[in-house]
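Protein chains: 2
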Amino acid sequence: MRTDSIRRVVRSMRGYQPGEQPLRGDVIKLNTNENPYPPSPRVLKLLRSLDGSQLRLYPDPLGGRLCEAVARRHGCGSDEVVLGNGADDILAMCLRAFVERDGSVGYFEPSYSLYPVLAEIAEVEVRPVELGADFEWAMPEGYTASIFFMTNPNAPTGVLFPREQVREFCETFSGIVVIDQAYVEFAREDCVDLALELDNVIAVRTFSKAFSLAGIRLGYAVGPSELMRALIKVKDSYNVGRITQELGCAALEDVRYMEGNVERIRQTRARLGGELQRRGFRVWPSETNFLWVRPPEPGARRLYELLRDDGIYVRYFDARRTEDYLRISVGDDADMYALLGSLDRIMAGAGR
Amino acid sequence: MRTDSIRRVVRSMRGYQPGEQPLRGDVIKLNTNENPYPPSPRVLKLLRSLDGSQLRLYPDPLGGRLCEAVARRHGCGSDEVVLGNGADDILAMCLRAFVERDGSVGYFEPSYSLYPVLAEIAEVEVRPVELGADFEWAMPEGYTASIFFMTNPNAPTGVLFPREQVREFCETFSGIVVIDQAYVEFAREDCVDLALELDNVIAVRTFSKAFSLAGIRLGYAVGPSELMRALIKVKDSYNVGRITQELGCAALEDVRYMEGNVERIRQTRARLGGELQRRGFRVWPSETNFLWVRPPEPGARRLYELLRDDGIYVRYFDARRTEDYLRISVGDDADMYALLGSLDRIMAGAGR
Numbered sequence: 000m001r002t003d004s005i006r007r008v009v010r011s012m013r014g015y016q017p018g019e020q021p022l023r024g025d026v027i028k029l030n031t032n033e034n035p036y037p038p039s040p041r042v043l044k045l046l047r048s049l050d051g052s053q054l055r056l057y058p059d060p061l062g063g064r065l066c067e068a069v070a071r072r073h074g075c076g077s078d079e080v081v082l083g084n085g086a087d088d089i090l091a092m093c094l095r096a097f098v099e100r101d102g103s104v105g106y107f108e109p110s111y112s113l114y115p116v117l118a119e120i121a122e123v124e125v126r127p128v129e130l131g132a133d134f135e136w137a138m139p140e141g142y143t144a145s146i147f148f149m150t151n152p153n154a155p156t157g158v159l160f161p162r163e164q165v166r167e168f169c170e171t172f173s174g175i176v177v178i179d180q181a182y183v184e185f186a187r188e189d190c191v192d193l194a195l196e197l198d199n200v201i202a203v204r205t206f207s208k209a210f211s212l213a214g215i216r217l218g219y220a221v222g223p224s225e226l227m228r229a230l231i232k233v234k235d236s237y238n239v240g241r242i243t244q245e246l247g248c249a250a251l252e253d254v255r256y257m258e259g260n261v262e263r264i265r266q267t268r269a270r271l272g273g274e275l276q277r278r279g280f281r282v283w284p285s286e287t288n289f290l291w292v293r294p295p296e297p298g299a300r301r302l303y304e305l306l307r308d309d310g311i312y313v314r315y316f317d318a319r320r321t322e323d324y325l326r327i328s329v330g331d332d333a334d335m336y337a338l339l340g341s342l343d344r345i346m347a348g349a350g351r
Numbered sequence: 000m001r002t003d004s005i006r007r008v009v010r011s012m013r014g015y016q017p018g019e020q021p022l023r024g025d026v027i028k029l030n031t032n033e034n035p036y037p038p039s040p041r042v043l044k045l046l047r048s049l050d051g052s053q054l055r056l057y058p059d060p061l062g063g064r065l066c067e068a069v070a071r072r073h074g075c076g077s078d079e080v081v082l083g084n085g086a087d088d089i090l091a092m093c094l095r096a097f098v099e100r101d102g103s104v105g106y107f108e109p110s111y112s113l114y115p116v117l118a119e120i121a122e123v124e125v126r127p128v129e130l131g132a133d134f135e136w137a138m139p140e141g142y143t144a145s146i147f148f149m150t151n152p153n154a155p156t157g158v159l160f161p162r163e164q165v166r167e168f169c170e171t172f173s174g175i176v177v178i179d180q181a182y183v184e185f186a187r188e189d190c191v192d193l194a195l196e197l198d199n200v201i202a203v204r205t206f207s208k209a210f211s212l213a214g215i216r217l218g219y220a221v222g223p224s225e226l227m228r229a230l231i232k233v234k235d236s237y238n239v240g241r242i243t244q245e246l247g248c249a250a251l252e253d254v255r256y257m258e259g260n261v262e263r264i265r266q267t268r269a270r271l272g273g274e275l276q277r278r279g280f281r282v283w284p285s286e287t288n289f290l291w292v293r294p295p296e297p298g299a300r301r302l303y304e305l306l307r308d309d310g311i312y313v314r315y316f317d318a319r320r321t322e323d324y325l326r327i328s329v330g331d332d333a334d335m336y337a338l339l340g341s342l343d344r345i346m347a348g349a350g351r
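Chains as they are written, first to last, in numbering that gives the first Met the number 0: chain A, 0 to 351; chain B, 0 to 351.
These are calculated hints, taken from the structure and not from any lab test.
Backbone N, C-alpha and C fix where the C-beta goes; we use that ideal spot for every residue, glycine too.
Among the hints, a few may not be true.
[Unchecked claim] Footprint (simulated), chain A over chain B, 3 or more residues, beta carbon under 8 angstroms: (1) 86-100; (2) 238-246.
[As the list claims (entries may be wrong)] A short, non-exhaustive set of chain B residues, derived as facing chain A with CB atoms under 10 angstroms: (3) Q20; (4) L46; (5) L56; (6) T171; (7) I175.
Produce the entire structure from the sequences given, and follow the hints as far as they go.
Here it is, written out as structure tokens:
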């Protein structure tokens with residue numbers, strides 16, 4: 000085979016590993032932080048009334064109407080918004096727009112494991128910053144990079160970095176700060192305003208989590224129009240399809256429905272955290288729709304496997320800083336009840 | 000503003016310019032080679048019956064069911080198929096997977112104007128190959144590049160390169176040949192079999208043209224499984240959404256409907272070609288859903304502008320080899336009637 004035509008770095012890399020998407024419908028999926036509740040009734044209604052004959056036409060390349068809706072949400076101009084085929088598309092665009100060949104990519108460790116993969120594909124230097132013992136903010140003095148990807152609230156740890164620390168970092172950092180806010184709707188505070196105030200900050204949002212729309216692939220960037228214009232130059236022309244643009248608009252017309260689901264998930268999160276603590280788990284304070292936990296015996300990896308055998312998928316990251324932990328998405332009450340039941344059976348067995 | 004954080008090449012580049020997507024609904028759009036007929040009734044029916052609650056879940060990252068349907072269509076294995084967010088996504092992946100920093104990108108000139116833009120973003124050398132005086136095949140002896148993007152049938156010229164010439168080139172070329180078959184359903188012959196036979200050939204297809212689904216963003220690559228695995232490593236994990244995957248499957252269940260539309264478009268293409276020739280246009284033999292024509296007075300640029308004033312959008316490429324030509328998408332009978340009427344009025348005025 001013609002493997003010598005494949006780039007060396009691509010031959011040797013493993014690629015980003017998304018959480019399993021089991022094709023069986025009977026599993027309880029707590030491994031990719033999907034929302035347990037369906038999208039807004041407005042979205043479902045629009046879906047049933049879409050004019051399919053229009054699908055013969057290309058979408059609006061910039062998604063003007065949706066950009067305007069996003070801009071209204073954040074009180075900015077539509078030239079301060081760029082749409083992506085999911086937030087991952089935006090993250091890849093940022094690297095293409097802002098990192099020269101001899102540039103570098105920064106991110107916390109642990110955080111979203113896609114960042115080093117994007118850097119590897121681009122063959123640019125990585126400058127990971129190790130978080131503290133409890134996964135708290137730990138930025139070295141004088142740290143530099145071309146771009147810094149900051150998941151805030153962080154994943155997989157669920158921790159929200161303090162607003163003033165984030166601001167101070169952005170104000171002094173010499174490169175572009177991309178604040179990846181995939182989970183921000185579940186947090187007690189936001190920092191999208193930094194992207195509208197500072198000239199080197201971009202906020203990235205997704206419809207996948209709080210809006211229950213992981214299936215349509217929609218994310219966006221908010222930030223200085225000059226940086227947005229650079230993203231537009233390096234994006235695929237028609238990166239967001241017609242249906243996705245329309246459903247995104249419908250979702251933004253019903254933000255209250257999303258907020259109601261977020262509130263339910265927060266309440267479930269608090270209850271689940273308590274139940275896990277009572278079972279000997281260490282539970283990190285979460286500002287997201289998942290919990291980052293350190294399980295007791297039989298330990299994270301074994302528990303992950305045993306839950307999986309039981310048809311319950313949680314996320315296990317097999318790496319130095321994360322190998323003793325599980326990331327568990329907050330589902331609905333039935334999911335949580337099943338999870339706790341399964342844990343009780345497993346842990347009773349482990350104790351025998 | 001922080002423009003110094005934008006890559007130099009991105010600052011200076013213009014970016015790919017897609018054909019205009021006018022927001023007014025009352026124009027006749029013959030500028031982006033969309034299909035004048037709606038998608039299959041099976042697609043429209045499925046669209047109305049989609050289960051919107053499932054949109055809360057991520058799509059299958061590899062789109063297994065759709066890959067299998069594509070594989071059945073081409074008589075290959077599903078490991079010889081990779082899905083893209085439109086064919087453009089596949090083209091970008093090919094560059095990421097197969098072109099090292101010191102590599103090079105080849106393509107015919109004129110052909111799809113995205114290729115040099117992708118190369119510019121990646122800052123790799125371009126090795127364009129100038130087509131002959133009538134836009135026919137003209138490959139220099141001993142030509143090399145890391146990858147060669149070959150639009151076949153070619154755009155914007157509509158010319159199909161002879162099968163044996165393509166095969167001979169692929170067999171001797173040292174790099175990867177990406178045969179961009181966006182328009183192949185409208186042609187008299189195909190060469191997807193080369194991608195299944197040779198170890199350095201990838202065929203790229205789209206649902207945007209023959210299947211009337213430009214709005215859903217769906218394309219795919221067919222080729223050696225080893226090359227497909229490389230593409231998978233460099234693609235966005237969830238690059239194709241749930242609705243797109245489902246509608247793509249429905250479209251492939253009704254290939255005969257697509258073929259019926261293709262036949263109508265071919266017939267309209269032949270009639271339109273004759274009408275334009277009678278009006279003094281030179282018309283290239285087309286194997287696509289558009290015509291490449293060299294208009295008489297008042298010339299291509301002026302005609303483009305005057306048609307546009309009349310609410311009829313055709314495509315004009317303002318570059319050395321293309322400035323005397325127009326690319327006109329084949330629409331339905333009403334579109335063609337309006338186009339000819341407008342041309343007659345304009346040309347009568349130009350003759351006065």
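We went through each hint and held it up to the structure:
no.	hint	result
1	86-100	holds (count 9)
2	238-246	holds (count 7)
3	Q20	holds, 6 angstroms
4	L46	holds, 5 angstroms
5	L56	holds, 5 angstroms
6	T171	violated, 13 angstroms
7	I175	holds, 5 angstroms
The structure fails hint 6 only (numbered hints given earlier).
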